[in-house]
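Asker: Residue numbers (my numbering), protein chains in the order written: chain A, 8 to 369; chain B, 8 to 369; chain C, 8 to 369.
Coverage of chain B stretches by chain A, computed from C-beta distances (three or more under 8 Å per stretch; other residues unrestricted):
#1 82-88
#2 290-300
#3 307-321
#4 332-344
Covered by chain B, per the in silico footprint, the following chain A stretches (three or more residues, Cβ under 8 Å):
#5 164-173
#6 184-196
#7 221-235
Calculated directly from the structure, the hints in this document are not laboratory data.
Glycine is no exception: its CB is placed at the ideal position from the N, C-alpha and C atoms.
Listed here are the chains, written in short residue letters.
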Amino acid sequence: MNDDTQTDDPGGVDRRLFLAVMAGGAGGAVLAGATAAAAWPRGSVHPPTEVGASGHTGATPPATADPLAMSPAAMDQSSKARVDRFLENATSPITQGVGGTELEWRMEAGVRTFELTCQNARWQVTPDQTVDALTYNGIVPGPTLRVVEGQPVRVRVRNDLDESTTVHWHGQRVANDQDGVPYVTQDPIQPGSEYTYEFTPGPFGSHMYHSHHNAADQVGRGLLGALLVEPADPATEPRYDEDYLYVLNDVLGGFTINGKGFPATAPYTARRGDRLRFRFMNEGQMVHPIHLHGLTLEVFARDGYPLPQPFRCDTITVAPGERWDAIVVADNPGVWAFHCHILSHAESPEGMFGMVTAIIVE
Amino acid sequence: MNDDTQTDDPGGVDRRLFLAVMAGGAGGAVLAGATAAAAWPRGSVHPPTEVGASGHTGATPPATADPLAMSPAAMDQSSKARVDRFLENATSPITQGVGGTELEWRMEAGVRTFELTCQNARWQVTPDQTVDALTYNGIVPGPTLRVVEGQPVRVRVRNDLDESTTVHWHGQRVANDQDGVPYVTQDPIQPGSEYTYEFTPGPFGSHMYHSHHNAADQVGRGLLGALLVEPADPATEPRYDEDYLYVLNDVLGGFTINGKGFPATAPYTARRGDRLRFRFMNEGQMVHPIHLHGLTLEVFARDGYPLPQPFRCDTITVAPGERWDAIVVADNPGVWAFHCHILSHAESPEGMFGMVTAIIVE
Amino acid sequence: MNDDTQTDDPGGVDRRLFLAVMAGGAGGAVLAGATAAAAWPRGSVHPPTEVGASGHTGATPPATADPLAMSPAAMDQSSKARVDRFLENATSPITQGVGGTELEWRMEAGVRTFELTCQNARWQVTPDQTVDALTYNGIVPGPTLRVVEGQPVRVRVRNDLDESTTVHWHGQRVANDQDGVPYVTQDPIQPGSEYTYEFTPGPFGSHMYHSHHNAADQVGRGLLGALLVEPADPATEPRYDEDYLYVLNDVLGGFTINGKGFPATAPYTARRGDRLRFRFMNEGQMVHPIHLHGLTLEVFARDGYPLPQPFRCDTITVAPGERWDAIVVADNPGVWAFHCHILSHAESPEGMFGMVTAIIVE
Chain A
8 MNDDTQTDDP GGVDRRLFLA VMAGGAGGAV LAGATAAAAW PRGSVHPPTE VGASGHTGAT
68 PPATADPLAM SPAAMDQSSK ARVDRFLENA TSPITQGVGG TELEWRMEAG VRTFELTCQN
128 ARWQVTPDQT VDALTYNGIV PGPTLRVVEG QPVRVRVRND LDESTTVHWH GQRVANDQDG
188 VPYVTQDPIQ PGSEYTYEFT PGPFGSHMYH SHHNAADQVG RGLLGALLVE PADPATEPRY
248 DEDYLYVLND VLGGFTINGK GFPATAPYTA RRGDRLRFRF MNEGQMVHPI HLHGLTLEVF
308 ARDGYPLPQP FRCDTITVAP GERWDAIVVA DNPGVWAFHC HILSHAESPE GMFGMVTAII
368 VE
Chain B
8 MNDDTQTDDP GGVDRRLFLA VMAGGAGGAV LAGATAAAAW PRGSVHPPTE VGASGHTGAT
68 PPATADPLAM SPAAMDQSSK ARVDRFLENA TSPITQGVGG TELEWRMEAG VRTFELTCQN
128 ARWQVTPDQT VDALTYNGIV PGPTLRVVEG QPVRVRVRND LDESTTVHWH GQRVANDQDG
188 VPYVTQDPIQ PGSEYTYEFT PGPFGSHMYH SHHNAADQVG RGLLGALLVE PADPATEPRY
248 DEDYLYVLND VLGGFTINGK GFPATAPYTA RRGDRLRFRF MNEGQMVHPI HLHGLTLEVF
308 ARDGYPLPQP FRCDTITVAP GERWDAIVVA DNPGVWAFHC HILSHAESPE GMFGMVTAII
368 VE
Chain C
8 MNDDTQTDDP GGVDRRLFLA VMAGGAGGAV LAGATAAAAW PRGSVHPPTE VGASGHTGAT
68 PPATADPLAM SPAAMDQSSK ARVDRFLENA TSPITQGVGG TELEWRMEAG VRTFELTCQN
128 ARWQVTPDQT VDALTYNGIV PGPTLRVVEG QPVRVRVRND LDESTTVHWH GQRVANDQDG
188 VPYVTQDPIQ PGSEYTYEFT PGPFGSHMYH SHHNAADQVG RGLLGALLVE PADPATEPRY
248 DEDYLYVLND VLGGFTINGK GFPATAPYTA RRGDRLRFRF MNEGQMVHPI HLHGLTLEVF
308 ARDGYPLPQP FRCDTITVAP GERWDAIVVA DNPGVWAFHC HILSHAESPE GMFGMVTAII
368 VE
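The whole structure should be built from the sequences, with the hints applied where relevant.
Answerer: As structure tokens, this is what we get:
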């Protein structure tokens with residue numbers, strides 16, 4: 008509350024951000040973005056911060072040759088510069104590419120039909136890091152597929168990679184020959200060929216799709232995405248105002264949330280009182296305990312299945328392959344850090360990195 | 008469903024397996040095995056696929072010198088060969104030795120009495136890998152001890168190793184001097200000597216026994232087994248048709264399930280509609296999230312204790328020392344992969360390995 | 008029960024300890040300590056084994072140059088010597104320094120006011136290992152702050168380190184500008200300066216405070232402590248007789264419980280029938296499954312939030328950032344090992360080390 012040695016305004020950054028975003032700017036504003044998002048179809052998933060189209064890629068402050076040899080003042084300077092980039096990213100993306108956007112579909116004789124292409128792509132993880140990725144439709148995570156419990160789905164998969172692949176519908180009770188395990192349920196999809204999967208979605212909830220062929224490598228490098236199955240009866244799930252993905256990976260480009268590392272991770276925005284649904288999914292190879300500051304996680308589903316009794320916590324540990332769904336009521340205004348609490352996945356002498364983002368409550 | 012570029016029969020492998028096993032063969036068949044198993048005493052634990060006595064040990068396809076340099080076609084070929092070996096293993100074991108078989112006992116003045124010998128042994132993990140193990144009675148996991156809550160038990164332990172050891176009854180509330188912690192509750196059992204443990208089992212449920220002396224090494228190398236305590240009132244636990252172990256280790260011979268690595272892991276078999284009980288136990292040093300395709304885990308006990316409310320999931324994370332019990336209703340026919348979702352414990356450029364098995368539903 | 012080859016008295020160590028502690032001795036006795044502790048204010052946290060003031064620092068038996076080359080007899084000897092040191096530690100501390108002691112406060116105009124100084128200190132982890140730590144008030148964990156839900160708190164933080172820092176109140180729903188995230192909610196506290204945090208505690212339960220600046224390093228090296236928030240209505244939590252901390256770290260000085268490694272970890276003491284409350288907190292960077300012998304954990308809160316239904320277990324996995332609260336009823340007399348079940352965090356060829364302690368039930 009008081010600080011007799013600091014000349015800067017403590018607690019001022021979020022106010023500066025609030026002023027900045029309320030003033031609008033190139034591409035829109037964080038909070039305006041939240042308002043705009045409210046006009047989306049109820050329950051739609053939107054990767055936060057799609058505002059801004061220019062997406063420059065200016066570098067973050069240069070890393071020192073030896074972070075462990077940084078002076079404390081240099082560490083502070085680097086730490087501040089990264090936070091500034093993160094806040095800038097809230098209104099004007101600092102990297103190219105947005106992962107996990109919802110994929111459009113068309114109805115073919117009563118079947119919701121999607122098209123996925125497995126393709127090599129360059130993917131920008133942070134302003135300083137662009138990697139060679141294996142992708143669905145060029146983005147990481149791949150496009151989000153939204154389907155409805157009990158309504159048939161078809162997914163046409165074209166393999167434009169240089170290697171074989173398959174797609175597994177992680178969490179779904181499909182017919183065995185649609186399960187995507189090479190040489191067990193199908194032959195892998197050869198380079199240059201196509202394969203069509205068909206299934207009737209269920210159970211409902213937060214699920215995933217990913218490669219099941221040489222998967223430690225292929226999933227790690229980006230062949231992963233979210234598969235969201237709405238319940239046949241929408242009243243089955245808790246009410247929410249925003250639908251947010253929180254997909255973890257720890258292979259491609261290091262520690263990432265929705266394909267990006269801090270400061271390029273997008274903050275999640277909310278109006279005060281909003282009920283935010285988070286869909287945590289781990290597509291990496293390590294356990295990640297995700298900690299939320301200043302707000303409460305009300306966890307209501309595990310692997311899509313409703314928990315018999317929801318529980319509250321501030322740290323939800325997500326193991327590889329697991330999904331957890333939680334409601335966060337945005338009842339405390341401010342910028343709330345939201346990060347992996349294995350601190351070596353989130354903080355370095357140069358400042359925060361990797362699995363760090365925030366919820367910004369108006 | 009359609010595939011205009013693949014010449015092979017998609018979804019055909021399980022049909023081939025079904026045809027193969029229905030045709031019978033040397034030692035029996037997967038599905039016939041399931042039927043035979045139904046004749047076992049209700050509630051008995053049987054390591055799956057004990058059918059077949061010849062157990063040849065032919066090598067899997069030769070590994071390349073540098074898996075990362077494999078061509079995609081070579082990767083596919085190697086992947087297929089491993090699956091073929093796994094399916095072969097379902098009807099005719101491809102390695103020597105079966106771990107976790109139930110140990111016979113005799114009644115001595117009202118006390119169920121078991122005999123364990125700690126002994127060095129060679130243990131075949133996969134067709135290509137045989138390791139020096141420390142074992143109980145020559146197998147890994149050691150023999151399964153089945154006891155009843157409240158009915159006294161005696162275990163005579165002979166130490167034929169070159170080093171001292173003790174046995175800890177992990178999960179049991181024994182008298183302190185039977186707890187097996189060296190120099191805290193007893194002196195260790197010297198090479199060439201014996202020690203007799205006595206306790207009245209409780210609580211009921213899925214427990215373990217293992218070395219507590221230099222245990223990172225001794226347990227890692229094989230001194231571990233399952234201790235199954237039936238409740239005094241059988242109605243206390245859910246009903247099930249088959250009782251299956253799923254013991255994890257990540258030291259001896261790499262990533263193993265019941266002492267074997269894929270493709271030598273045994274599939275679990277079921278008739279449609281069977282209720283399968285799985286007893287997950289982690290005797291390794293890493294957390295393993297076990298993912299089941301196409302079916303649902305109904306988790307009803309933790310460390311043997313009934314959960315106040317069972318929950319459903321498809322990925323159950325098992326930390327070292329933990330036990331989890333789940334019912335799987337075999338309501339979806341096919342061959343369902345069942346593996347650790349830390350993909351580097353399950354998939355390599357050469358195909359699946361390590362912590363991978365399957366449930367085969369007739 | 009019988010052992011026809013051992014000449015030493017099996018099960019005798021605990022009896023020796025019991026005799027030793029019942030006979031009293033320099034500084035008091037384990038069980039007498041438990042009795043004395045009962046005179047403390049109800050619900051107070053006391054790091055076990057504060058009895059004894061001399062605290063000598065004699066070395067443990069010399070480690071061999073190559074533990075893997077130790078003879079079995081040498082392993083046994085080393086193992087026994089470590090247990091002896093641990094039991095000695097129960098009555099006469101074998102290391103200097105006790106972490107996590109409760110911090111005194113004073114009331115300033117209705118605000119419970121604490122003072123913390125961030126300072127470099129030498130910290131003795133085991134008799135053989137003293138490390139350079141970053142500390143609050145010179146101890147690791149830092150002093151425990153006990154506050155009451157809804158009653159305002161002030162914490163004056165002085166930074167006497169050579170680098171900047173901040174304090175985050177992990178688990179608390181503070182106002183955003185008190186959250187302690189550098190450049191997001193405040194500028195970091197520069198060396199030589201002070202900062203005052205103010206908040207009204209909530210939610211109640213077991214929480215933590217720690218650095219949020221270069222935190223992988225600063226928390227790892229000791230800038231961490233427990234923040235215990237009593238509920239406004241004491242009847243909200245289960246009844247207990249003793250209030251025990253179990254704070255995990257895996258950076259500073261290796262694998263530690265409350266800042267110490269075995270054999271310098273303090274055992275927890277209980278009279279038969281006591282209800283012990285354990286507050287598990289992980290400030291490290293790895294998941295630790297904590298296993299209790301011979302007794303049962305009744306887990307009733309997660310991250311401070313009461314669980315809708317408590318559950319029982321013997322192994323509670325604590326991920327970084329998580330807190331779990333459990334009651335242990337001391338209904339089984341003896342010395343019960345209580346350790347991380349990732350065995351490489353607890354056992355070596357030279358005997359037990361790191362994350363091992365015990366509950367001693369009279």
